[in-house]
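Note that the protein sequences, when read in sequence, are chains H and Y.
Counted from 1, the first sequence has number 192 at position 192 by the numbering used here; the numbering is strictly sequential.
Counted from 1, the second sequence has number 149 at position 149 by the numbering used here; the numbering is strictly sequential.
This list has only true hints and no planted wrong ones.
To be clear about the criterion: a stretch of chain Y counts as covered by chain H if any three or more of its residues have a C-beta under 8 Å from a C-beta of chain H, and this derived list gives those stretches:
{"no.": "1", "segment": "37–51"}
{"no.": "2", "segment": "88–102"}
{"no.": "3", "segment": "168–177"}
Bear in mind the hints are in silico, worked out from the structure with no lab data behind them.
Glycine residues also receive a C-beta, built at the ideal position from the N, C-alpha and C atoms.
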Amino acid sequence: MNDLEIVAGNGLLHRRAFLTGGAALAAAVTGYRLSDTVAAQQLTDEAWSTKPGVAIPEYGIPSSFEKPVSRTLSNPKGEPRTQHARTPHHLVNGTFTPNGLHFVISHSGAPDIDPAKHRLVIHGLVKKPLSFTLDALGRYPMVSRMTFVECGGNSAAMFSNQPTQASVQAIHGLVSCAEWTGVMLSTLLDEAGIDPKATWLIAEGADSLALSRSVPIAKALDDTMVALYQNGERLNPGNGYPMRLLVPGWEGNLNVKWLRRIKLTDQPGLSYYEARTYAPILPNGKAYQFYFLQEVKSFITHPSPGLTLGAPGFYEVSGIAYSASGRIAKVMVSADGGSTWAQAALQEPVLSKAFTRFRVPWKWDGGPAVLQSRAWDEAGNVQPTRAQFVAQRGQTKTPVTNPAAFPSQHYNGPTSWAIQRTGEVTHVYS
Amino acid sequence: MSTRSAFVICALAYVVSGVSRTVIAQGLGTPISEADVAAWDISILPDGTGLPAGSGTPQQGAATYATKCAVCHGEAGKGGSAAALVGGAPLTSGIETTKTIANFWPSATTIFDFTRRAMPWPKPRSLTNDEVYALTAYLLSLNKIIGENDVMNAQTLPKVRMPNRDGFIARFPERMP
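Model the full assembly from the supplied sequences, consistent with the hints where possible.
Below you can see the structure in the form of structure tokens.
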């Protein structure tokens with residue numbers, strides 16, 4: 001088989017082309033033009049090579065040249081309203097989000113918690129109410145798992161009736177993926193002794209709003225965890241230091257941060273955020289309640305708006321896919337707006353409820369193209385087309401110009417990026 | 001399942017490494033009485049479970065509202081830097097319709113629960129239970145969901161019929177307990 005064969009319209013190549021295409025192809029692959037390409041010239045030693053470098057700091061931070069690789073903030077002064085910090089998906093790669101770039105939504109800032117004084121209480125419909133210190137939790141058997149966390153409002157700009165011109169960070173920046181380590185909640189609930197009448201638990205944070213959400217006991221006993229570590233270090237303050245509920249695959253807001261109380265009950269609390277904020281309105285005027293799952297979804301990060309292509313030639317199209325219903329089974333990529341499709345290579349390991357990076361080699365001929373991805377999960381769920389999604393869930397009556405607005409929640413259709421002859425990337429519907 | 005077997009394996013490991021068996025058997029959580037949790041136990045359930053003693057009227061609430069809430073939510077709940085607490089368009093106006101107490105909230109207990117736990121924004125959990133009942137009564141009365149003289153307390157509040165109480169569909173019914 002000729003691995004350099006074009007397998008879908010507008011120049012998408014077989015996914016194995018990178019592995020077997022050989023040196024000629026590898027050398028031909030160009031980067032995204034974040035800066036101009038420089039012609040080869042006679043080499044000299046730069047200043048940094050002719051003197052000893054700076055002292056290594058206690059806690060390493062990225063190079064000063066990496067300043068643009070940062071989150072965008074919706075409320076940098078912490079005014080009395082929600083704050084959002086969005087992950088720059090187009091400026092990172094791989095599958096895990098560094099802690100400083102992990103998305104954060106906080107409805108009232110991050111509390112400055114002294115871990116020695118923090119307590120987690122489990123009470124309500126239990127045989128024996130219990131209180132745990134952080135040290136005590138640290139002595140339980142620990143489990144690590146890679147898990148994405150996604151805000152129910154991520155990708156909300158996709159509800160706009162016209163495509164909002166914004167970066168992948170602005171549109172999809174409220175999802176991230178980390179390795180979380182902690183204690184299985186089932187271990188702690190077993191110790192407290194679950195009263196058979198309990199069907200829900202209400203989790204609550206130590207933040208000023210005492211944010212609270214209801215979780216069915218079945219999910220709590222399945223794979224829910226009290227997370228103490230994020231990518232190996234203690235949780236970042238914005239992500240719940242010193243402990244949060246991790247409800248793998250389920251709506252971000254349910255993963256209660258700064259967790260201090262779990263009350264077992266026989267009914268859900270209908271707390272503000274479940275009764276009002278994260279309950280999307282449907283076109284017929286009814287609303288979905290208890291959406292729970294972040295359904296199968298994918299989007300292309302490279303290229304995407306802000307990453308301008310240079311000369312025509314070989315590029316890698318890559319992005320991330322994830323699903324609350326398990327592992328990603330397949331990702332298809334189109335370069336002609338959805339007419340023809342090439343199967344993407346999935347970066348191993350493909351983990352349940354975690355980011356999966358997909359990649360397809362692409363020979364851009366310099367003409368207009370529309371890139372789009374669609375994902376399937378192992379449970380058989382497929383990412384709907386935007387038309388299918390909007391037929392069911394609706395779209396706005398007027399265009400959304402502010403990508404930070406939340407016209408609705410839980411968009412999981414595809415995203416299409418148009419490549420102009422100039423190499424610029426814009427957002428289109430296709 | 002794997003958790004439980006993991007725990008057993010780990011317990012054995014502790015025994016091998018000399019940690020006392022009693023610690024494992026008892027677990028590491030400290031028993032605590034519901035009385036000691038009381039100050040944190042602010043969950044109000046839709047059937048009224050958790051509502052404290054106390055009461056308040058719309059009139060009493062209006063006075064507290066003017067001093068503690070109007071600065072952000074505007075005079076008589078008309079909205080300001082924070083959301084309007086009165087009015088709201090029909091939900092059939094579009095998926096982006098602003099959700100309000102009158103057009104959306106399924107349960108009046110949520111007003112009590114959220115106001116008590118989270119408001120006023122700069123000083124949460126500073127209101128007395130009587131003040132929270134009165135503010136809840138005021139907001140319900142402003143929205144014409146209860147009468148101007150109706151008293152809100154642990155008995156009356158859960159019985160308030162919210163206009164949109166039947167407006168919801170579980171997204172994944174099979175996941176509901």
